[in-house]
Amino acid sequence: MVLKRYTPPTCTLEITAKSSPLSRWAGQPVFKSLNFELRLDDPRLPDTEHVTLRGDRLQLETLHQAVSSYVQNLLGASRDWESNLNSKTDLTAAGPDLSEAAPGAVIFDQPVNTSELATPASNTSYLPIPPRLEPRGLLAHNLFLGSLSAAESGPVVPLSTLQLFDLATALDDCATEVIALPNLDRERGRPLSIP
Numbered sequence: 004m005v006l007k008r009y010t011p012p013t014c015t016l017e018i019t020a021k022s023s024p025l026s027r028w029a030g031q032p033v034f035k036s037l038n039f040e041l042r043l044d045d046p047r048l049p050d051t052e053h054v055t056l057r058g059d060r061l062q063l064e065t066l067h068q069a070v071s072s073y074v075q076n077l078l079g080a081s082r083d084w085e086s087n088l089n090s091k092t093d094l095t096a097a098g099p100d101l102s103e104a105a106p107g108a109v110i111f112d113q114p115v116n117t118s119e120l121a122t123p124a125s126n127t128s129y130l131p132i133p134p135r136l137e138p139r140g141l142l143a144h145n146l147f148l149g150s151l152s153a154a155e156s157g158p159v160v161p162l163s164t165l166q167l168f169d170l171a172t173a174l175d176d177c178a179t180e181v182i183a184l185p186n187l188d189r190e191r192g193r194p195l196s197i198p
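If you want this note's numbering, it's the 1-based position in the sequence shown plus 3.
Calculated directly from the structure, the hints in this document are not laboratory data.
Cross-link-like lysine-lysine pairs, in silico, DSS-like; alpha carbons within 25 Å at most:
id	residue 1	residue 2
1	K7	K21
2	K35	K7
3	K21	K35
Please model the entire structure based on the sequences and the hints provided.
Structure follows, in structure tokens:
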């Protein structure tokens, strides 16, 4: 069992996995059966406000994708906002029709179409709801956990901007250092489709 730990100041990401023999040829660790534990443990907050999330490789990748996309949108929005301030262009709020949004407006998140999330069928299961982030004022953000939600965490975790960037750093560091093999046990049960 391998344990990797990423510890920016306001969170701790621990990866547990079995090491694969492919690590020798890949030049970096290659893991199988990857699981993670993410502790949002900002030392400025009381212990009662610390949150722990647990999941598998797919949930970690989904969380990384959500956080990375949100941070990129946030950084792009700040550049747009600064250039619009410098050119003294008025910003108008986006209306209900997203296609008519003002050129300087930035849309962080589109409403979720719940009919696309899961469709009941006789032999399929519901799709997991991915995590997503939304701004909460200028310096705070809400992390909606989706399928990562647990009784102790609740469905939403408030994050400061510092916590958001520490989380992004931990997830990026993990993604660049670790190659995770797909879970072959799940894929063995699938029939091969031959064109």
